[in-house]
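There are 6 protein chains.
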Amino acid sequence: LRNSGAERSHVAPYAGLCTLLKADLRQPGEPLDIALVGVPFDLGVTNRPGARFGPQQVRELSAMAAGPKHHATGIIPAAISRFADCGDVPIASTYDLERATEEIETYFQALADQGLVPLSVGGDHSISYPILKAVGRDAPVGLVHIDAHADTGGPFNGSRFHHGGPFRNAALSGVLDPERTVQIGIRGRAEPHWDFSYDSGMRVIHIEEFQALGCDAVLHEVRSIVGDGPTYVSFDVDSIDPAFTPGTGTPEVGGFTPREVQTLLRGLRGLNLVGGDVVEVSPPFDRSGNTALVAATMLWEILCLLAEAHSLRQRG
Amino acid sequence: LRNSGAERSHVAPYAGLCTLLKADLRQPGEPLDIALVGVPFDLGVTNRPGARFGPQQVRELSAMAAGPKHHATGIIPAAISRFADCGDVPIASTYDLERATEEIETYFQALADQGLVPLSVGGDHSISYPILKAVGRDAPVGLVHIDAHADTGGPFNGSRFHHGGPFRNAALSGVLDPERTVQIGIRGRAEPHWDFSYDSGMRVIHIEEFQALGCDAVLHEVRSIVGDGPTYVSFDVDSIDPAFTPGTGTPEVGGFTPREVQTLLRGLRGLNLVGGDVVEVSPPFDRSGNTALVAATMLWEILCLLAEAHSLRQRG
Amino acid sequence: LRNSGAERSHVAPYAGLCTLLKADLRQPGEPLDIALVGVPFDLGVTNRPGARFGPQQVRELSAMAAGPKHHATGIIPAAISRFADCGDVPIASTYDLERATEEIETYFQALADQGLVPLSVGGDHSISYPILKAVGRDAPVGLVHIDAHADTGGPFNGSRFHHGGPFRNAALSGVLDPERTVQIGIRGRAEPHWDFSYDSGMRVIHIEEFQALGCDAVLHEVRSIVGDGPTYVSFDVDSIDPAFTPGTGTPEVGGFTPREVQTLLRGLRGLNLVGGDVVEVSPPFDRSGNTALVAATMLWEILCLLAEAHSLRQRG
Amino acid sequence: LRNSGAERSHVAPYAGLCTLLKADLRQPGEPLDIALVGVPFDLGVTNRPGARFGPQQVRELSAMAAGPKHHATGIIPAAISRFADCGDVPIASTYDLERATEEIETYFQALADQGLVPLSVGGDHSISYPILKAVGRDAPVGLVHIDAHADTGGPFNGSRFHHGGPFRNAALSGVLDPERTVQIGIRGRAEPHWDFSYDSGMRVIHIEEFQALGCDAVLHEVRSIVGDGPTYVSFDVDSIDPAFTPGTGTPEVGGFTPREVQTLLRGLRGLNLVGGDVVEVSPPFDRSGNTALVAATMLWEILCLLAEAHSLRQRG
Amino acid sequence: LRNSGAERSHVAPYAGLCTLLKADLRQPGEPLDIALVGVPFDLGVTNRPGARFGPQQVRELSAMAAGPKHHATGIIPAAISRFADCGDVPIASTYDLERATEEIETYFQALADQGLVPLSVGGDHSISYPILKAVGRDAPVGLVHIDAHADTGGPFNGSRFHHGGPFRNAALSGVLDPERTVQIGIRGRAEPHWDFSYDSGMRVIHIEEFQALGCDAVLHEVRSIVGDGPTYVSFDVDSIDPAFTPGTGTPEVGGFTPREVQTLLRGLRGLNLVGGDVVEVSPPFDRSGNTALVAATMLWEILCLLAEAHSLRQRG
Amino acid sequence: LRNSGAERSHVAPYAGLCTLLKADLRQPGEPLDIALVGVPFDLGVTNRPGARFGPQQVRELSAMAAGPKHHATGIIPAAISRFADCGDVPIASTYDLERATEEIETYFQALADQGLVPLSVGGDHSISYPILKAVGRDAPVGLVHIDAHADTGGPFNGSRFHHGGPFRNAALSGVLDPERTVQIGIRGRAEPHWDFSYDSGMRVIHIEEFQALGCDAVLHEVRSIVGDGPTYVSFDVDSIDPAFTPGTGTPEVGGFTPREVQTLLRGLRGLNLVGGDVVEVSPPFDRSGNTALVAATMLWEILCLLAEAHSLRQRG
Ligand SMILES: [Mn+2]
Ligand SMILES: [Mn+2]
Ligand SMILES: [Mn+2]
Ligand SMILES: [Mn+2]
Ligand SMILES: [Mn+2]
Ligand SMILES: [Mn+2]
Ligand SMILES: [Mn+2]
Ligand SMILES: [Mn+2]
Ligand SMILES: [Mn+2]
Ligand SMILES: [Mn+2]
Ligand SMILES: [Mn+2]
Ligand SMILES: [Mn+2]
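Chains as they are written, first to last, in the numbering used here: chain C, 119 to 434; chain D, 119 to 434; chain F, 119 to 434; chain L, 119 to 434; chain B, 119 to 434; chain U, 119 to 434.
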């Protein structure tokens, strides 16, 4: 496989073009399983913008996060799947949240038409709604959602397409199954906005409950909830404590450590994962790149999960 | 006068609430001449957002920039006018550029109803259009516009309300007189977008021409163009070289020094100035506050100009 | 209640004046229960100054930390108490540690005269002594003190009013009961200065002992020590590891995580709390604002505690 | 032409892959006139390393510096030449200055074989020697060298290939004509190392002499020295004052402003320019990107020069 | 003892020259037990350089990390040993990795001739090889190695002296006993390079295994592996999560907390420790100094260990 | 001479201890002409503290600013004078501005007893008063003062020893001759505090007048005012525009460029200079070190002046 990384081992990390996880750029007509996609968009934020630069910075830091081989699970994504950096979703309506959301959906519908598993880098969390519209178009998917916020809020300041509401939108559109949805790491001042989560049957695990139960018990529950149906993984970097990921728009003190998130993600092996995203990297709030390095690392973890799930389905 | 600053001289610069130029907050019913207003808005940007935090950071740095007395001109604004920090324009439509533009206009129309001279802190440059709608509603105003960009571009990505077009919009709306408009400091890659400036009769002085002519000659021409009609001053911090003002959305290398801008501004004494703004401070791109300190310093220069102009009109 | 936050829900976090926890500014004559107060002061430091800018930066970051409702405890401070931002303590003697300490005491004695519960934002830790002079004037108070340093050192470089000694001063002045004092998180090179803590009967729990005992056991001991007498809470941001709170004057590697401090603070529910402070935020050492965000978050936690304690006393 | 930028005007500056001056990536077999090349290399530094990340950061900032049209000269490079981003020089010997220098030369010899005009982004200044070996292989070239340092020093700490000696190496190799060489902006503590410049007949214009003569006189002299023979342009960002370009390895206070360098560069129109480079951008010393923005801006200026010179040669 | 720190207690932390752990500078002819040494060197890095500035920044931050007395163990190094800052290893071959490695070895061989215990501050990890050549010259030493990387890789890009291979080099040179070597905290994308560790009998404890076993069990195993033979301690700051130590060349997300490393180090009391190092502090990637503060803190922990071990050997 | 730098030429800039201008540390009993001294003190500031870290950071950046030879004047200080880094003034009264001022004076009186020329690095500008007490003890000195502020203010907030008043204090103490005093670069909001300058006969040249007159005319006037009597040079980094020197306590937009200050300083050759200082470097407000690099560069300029003046007096 071209993107096995084998022939790339002699390229210095600081040299060459920056691509997501140092993957090859997608070539026209090339067969593919997993599409790495940037979504440079932040019209959906409620507070600090900047996530439009997220894909660029995650590409920049990717050289320090990508395998070829996962040291703990042994997964070699390039050995079991074909993936490539497909560039960024083209968004022409840069002044209109609703039309831009439609443009994003159009892009991911085209990926779905090609049968590709999407792995996206945001961009603010509003992008998960149009992505799920494509991923769940045939049947509603389950969701493992790691975030400080449940993002099931209603219309706000005149729009329902903001980054505090994608999973409400997705459930109401019938592309997300709330009863197969788990939200982990929730905390902070936005709590009063999450009624929809409770009312629709989502399982909300606050950071305090996560700490009390322990990671193993949480993972056990996650698996029993999402079952073996198609499931999406959405990772918001603000789920992690802002000491680790300060470059984000709505930080909440008291979050996960990266090790906890890695343990959570690795615990999803074996699930029928059909897509994922890493969102809310806002480079202007962390010029050091540390936040993007965490994001790229989790992107790598999710790529390994998706590659393995894809491979299992193929062998199915 | 309450805002003379005399009784405030014992307050440490790091103490107390942050207000624009350390002015008093406006009290209900209080008579006023000049309204200091924040416009926390950046939906109009074409590239890097963040100017929504501009008013906050200019307030934070104001303690190091405000007089009571201008050291070079001797003007004491509080001795010849009544001014106050009126807080921020309330903007409810945070996801809709056009409706937000209307909200901004509504606010400034109300100020105009009260006969107030507006002095605003952006926010991106798109805010100058709704402000001019109010300032020039009775008769089109002249304009001294200091910027790297002429901001007379047409519709772009689906909207004409972006920050690259406020002065085209204003001229087309009849609130700005293009023949009494001077744009100084223009440079950079957006040049092909400024046809409207040339076509409508605006005087465009590129940074190279400024350097060749010298400040005195430029000021002489400015005065002959704007004459003694009502004139607005718009200062975009990106007119200055980004070493001085890195915290902005569309920096252009090769700009003014702050000393040149101070000389330009002081050269406007005696004009019939009826309003002004300082725009494009984007704090996420300069956490040090240096950009906001430059902005606050120029805000102070413009306050002195507006206070004197107001005072002259009163005595008129 | 005016500060319920209900009517404020449509104000963007980046808009409007910055106040402590986005509370209303105190209006003259307004009845109040809890006084939020800034103490912009750092003449007491032994090493890195800058905490004089602490109140300003905590105000700036408050928009991202304040409720209306605490997500874990359900407390809504504005529903059970009246609080406001009272501004900063005026300090005229900016070159004299002792006289400034007296000015701070005078201010808090006046608050005590009004029967207010003080919740202060420093400033260096030296401010806790004059505050305790007011809080404990009728009877010595107990203390829950979260810090890397015990701050019970003797005179140093010619003064006893520095930030390494407030609790020795308070105990010797009879306003603090050392036998009802617990100090948690202590570590580092200043250990030889804390003899007074041991000699006077304070309970010192080093970070190592905290880790060995676990948070539950520590909280059990805390409750048995401070009992149901009036108790003060003092939180020094340097108790937390400097990765989370780098913006402080005397950082000590190997500290708490914010989650541990949140667990500790929430464990104080039910105590008879009569005041608190958050100290040692030094903005020049963390321009990102992350430290101040942690501080504002803990300020919010303590406000919830004080509001509930006040409410319980009212219902008596 | 594909790289005319016309079809790219709707791509947001923050979207898509980062290439040098937003040029297309070179496609195999594509005919080309000017090769934009990154040289991620810094083994030649005498003090602060980091320039190996220079090409990456210049690519990142390129979106804010590239035309299509030069606002002052009117040059549209894509209309008169074919250029592309050819990626980075592959360097396998990352621990051996001399062998790496040979690898760099090999790469540029291949470009010369194809008749391409090289425009490189460093990397430290040591890269100019192997580049000149290729550019001047048929006949020694003249040089316009803008720098704080003359870079004509002898062997140092065991090597002659460091960044303080490329032009001595080039002159001694017969690929650079010292009598057609002008060095402008020289200053600082390394002066005793530049004897070779004086001895070999180079014209050294210190920053003080530049200031005394004025830019016009300097340009007049430059043109008379380099004449109409093939000439190379080398721009070291440390020629500019470190307030503008702090991200560099050996900053020297008291340098050019960017406006002065732009005036100098534009004054080179009409010369027979056959290549150029922009060197010494060291991103770790300027995370803000301001230095790289200056570098990208000057890269754009030089591209315009090279495109015009190439076009003139074509038209003969 | 001169370096007891007693007479230094009145010196402010911000005053005076910066030395390692605020130790005295070594005076000629002075008897000494432990040599604190800087190794300003980073030619061995595979990615981000800058560790050549490590010793300088660790000296700068030392004032906030050095005792006189360890708060948890009670060790007072100056009471039981003689130590001093010996300055930096002079390295003349700044462009040649292999010759520089020889220069470093020569320096440490001279220390060994004097019977000194070396405690070094890097510099990249390549320095551990020449140091071990001196420390283990009479008999191979055991090793406690705390790192994200096993650093037992083979030749790479033309050299075997890079920072990814010192312990392979040391084992092959017979100065390190692989069977008495424990490597703790290993993780990340370089895993495929560590075959030598497994093949030679080193014990590799990945971060995941550390977490699963717990610190006590790990320490028990460490002690049984290294036994009572002479043992070296090597601490790479990248073993810690980059939120705590961002200033390093090859960060790996998901690492230790500083508290965990402190627990590990304190658990080494009683071992026959004969030297140590703290490496990979790269100041350009953390201007805040937080990384260097962690490094200085761990340097202090290791000094306490070495002083006690030395003292025990003296008392024999 | 030991400090000729000749034998130091092979030491890398990043290696070895940091001393002022890389001078040798003063050895006991060593004969000396010029004493380089740090004054780590900032109790005198009116706004942002941090200058207590000034000497440390100027030492850190000195390696990039010190000669041996001045490139423009040709002066080699070590060839014509003996100078050394004497360390920092010991200040025990870290909480008492007045007593600390006395301690500083005591130190410089001792230097004066030894006949040494002091060249100091602050610290805030309050240190110039106790230094002048020593320098002018036999006869009042003249002064060339480069600053944004005249620093002749009266008592403020209970003290007259703050950094806004040293030259009023010195004149009133009879150690400074106001009629032989020139203050250059003055500007900003503190103007109303400088009456003493005008009343006492000092020549105040605002930045605007400097710009209007030109550097040559100003230098001509300076020389005629200070004549050939003993003269002191005081350089406050805030005289320069904050883009170049952001790391200072009271920045004023619109200041000098470093090139202008270099021209001014070099224009003082031939004056009978008997001491100097560089003050107001506040590292917490510029972690990049750029401000300290400017300060070290100007320190080097003044060292050259003092060495030449000393040498001329010797040859007298
Ligand atoms: Mn989210
Ligand atoms: Mn979130
Ligand atoms: Mn504009
Ligand atoms: Mn602009
Ligand atoms: Mn404390
Ligand atoms: Mn503390
Ligand atoms: Mn150079
Ligand atoms: Mn150079
Ligand atoms: Mn290592
Ligand atoms: Mn490592
Ligand atoms: Mn001053
Ligand atoms: Mn000053």
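Hints are computed from structural coordinates only; laboratory data are not their basis.
Each hint should be verified, as a subset may be incorrect.
[As the list claims (entries may be wrong)] In silico EDC-like cross-links for lysine to aspartate or glutamate, where the CA-CA straight-line distance does not exceed 20 Å: (1) Lys187(U) - Asp313(L); (2) Lys187(F) - Asp142(F); (3) Lys187(C) - Glu327(B); (4) Lys187(L) - Glu326(D); (5) Lys187(B) - Glu327(F); (6) Lys187(L) - Asp151(D); (7) Lys187(U) - Glu326(L); (8) Lys187(F) - Glu309(C); (9) Lys187(B) - Glu309(F); (10) Lys187(B) - Asp142(F); (11) Lys187(U) - Asp142(L); (12) Lys187(U) - Glu221(L); (13) Lys187(D) - Glu216(U); (14) Lys187(L) - Asp142(L); (15) Lys187(F) - Glu148(C); (16) Lys187(F) - Asp256(C); (17) Lys187(C) - Asp313(B); (18) Lys187(C) - Glu309(B); (19) Lys187(D) - Asp313(U).
[To be verified] Label-pair restraints from in silico Cβ distances: (20) Asn275(F) - Gly276(C): 36 to 44 Å; (21) Ala197(F) - Pro149(D): 33 to 41 Å; (22) Asp317(F) - Ser342(B): 50 to 58 Å; (23) Ala197(U) - Asp334(D): 45 to 53 Å; (24) Gly332(U) - Gly388(D): 21 to 29 Å; (25) Gly332(D) - Ala197(U): 42 to 50 Å.
Quick caveat: nothing in here was measured; it's all calculated off a predicted structure.
Note that beta-carbon positions come from the ideal geometry of N, C-alpha and C, so glycine has one too.
Quick rundown of the hints versus the structure:
1. Lys187(U) - Asp313(L): Answer holds: Lys187(U) to Asp313(L) is near 14 Å, not above 20 Å.
2. Lys187(F) - Asp142(F): holds, 16 Å
3. Lys187(C) - Glu327(B): OK: Lys187(C) and Glu327(B) at ~18 Å, within 20 Å.
4. Lys187(L) - Glu326(D): holds, 16 Å
5. Lys187(B) - Glu327(F): The hint holds at about 18 Å.
6. Lys187(L) - Asp151(D): violated, 45 Å
7. Lys187(U) - Glu326(L): Given that 20 Å is the threshold and the Cα spacing comes to 16 Å, the pair holds.
8. Lys187(F) - Glu309(C): Cα-Cα ~8 Å, so holds.
9. Lys187(B) - Glu309(F): holds, 8 Å
10. Lys187(B) - Asp142(F): The given pair, whose Cα atoms are some 48 Å apart, is violated under the 20 Å limit.
11. Lys187(U) - Asp142(L): violated, 48 Å
12. Lys187(U) - Glu221(L): violated, 37 Å
13. Lys187(D) - Glu216(U): Cα-Cα ~31 Å, so violated.
14. Lys187(L) - Asp142(L): Roughly 16 Å between the alpha carbons, so the hint for Lys187(L) and Asp142(L) holds.
15. Lys187(F) - Glu148(C): Violated - the C-alpha atoms of Glu148(C) and Lys187(F) are around 52 Å apart, more than 20 Å.
16. Lys187(F) - Asp256(C): It is violated: about 39 Å lies between the C-alpha atoms, which goes past 20 Å.
17. Lys187(C) - Asp313(B): holds, 14 Å
18. Lys187(C) - Glu309(B): Holds - the C-alpha atoms of Glu309(B) and Lys187(C) are around 8 Å apart, at most 20 Å.
19. Lys187(D) - Asp313(U): holds, 14 Å
20. Asn275(F) - Gly276(C): 36 to 44 Å: violated, 59 Å
21. Ala197(F) - Pro149(D): 33 to 41 Å: Holds - the Cβ-Cβ distance for Ala197(F) and Pro149(D), about 38 Å, lies within 33 to 41 Å.
22. Asp317(F) - Ser342(B): 50 to 58 Å: Violated - the Cβ-Cβ distance for Asp317(F) and Ser342(B), about 42 Å, lies outside 50 to 58 Å.
23. Ala197(U) - Asp334(D): 45 to 53 Å: This hint holds: roughly 47 Å between Cβ atoms.
24. Gly332(U) - Gly388(D): 21 to 29 Å: holds, 27 Å
25. Gly332(D) - Ala197(U): 42 to 50 Å: holds, 44 Å
Of the numbered hints given earlier, the model fails hints 6, 10, 11, 12, 13, 15, 16, 20 and 22; all others are met.
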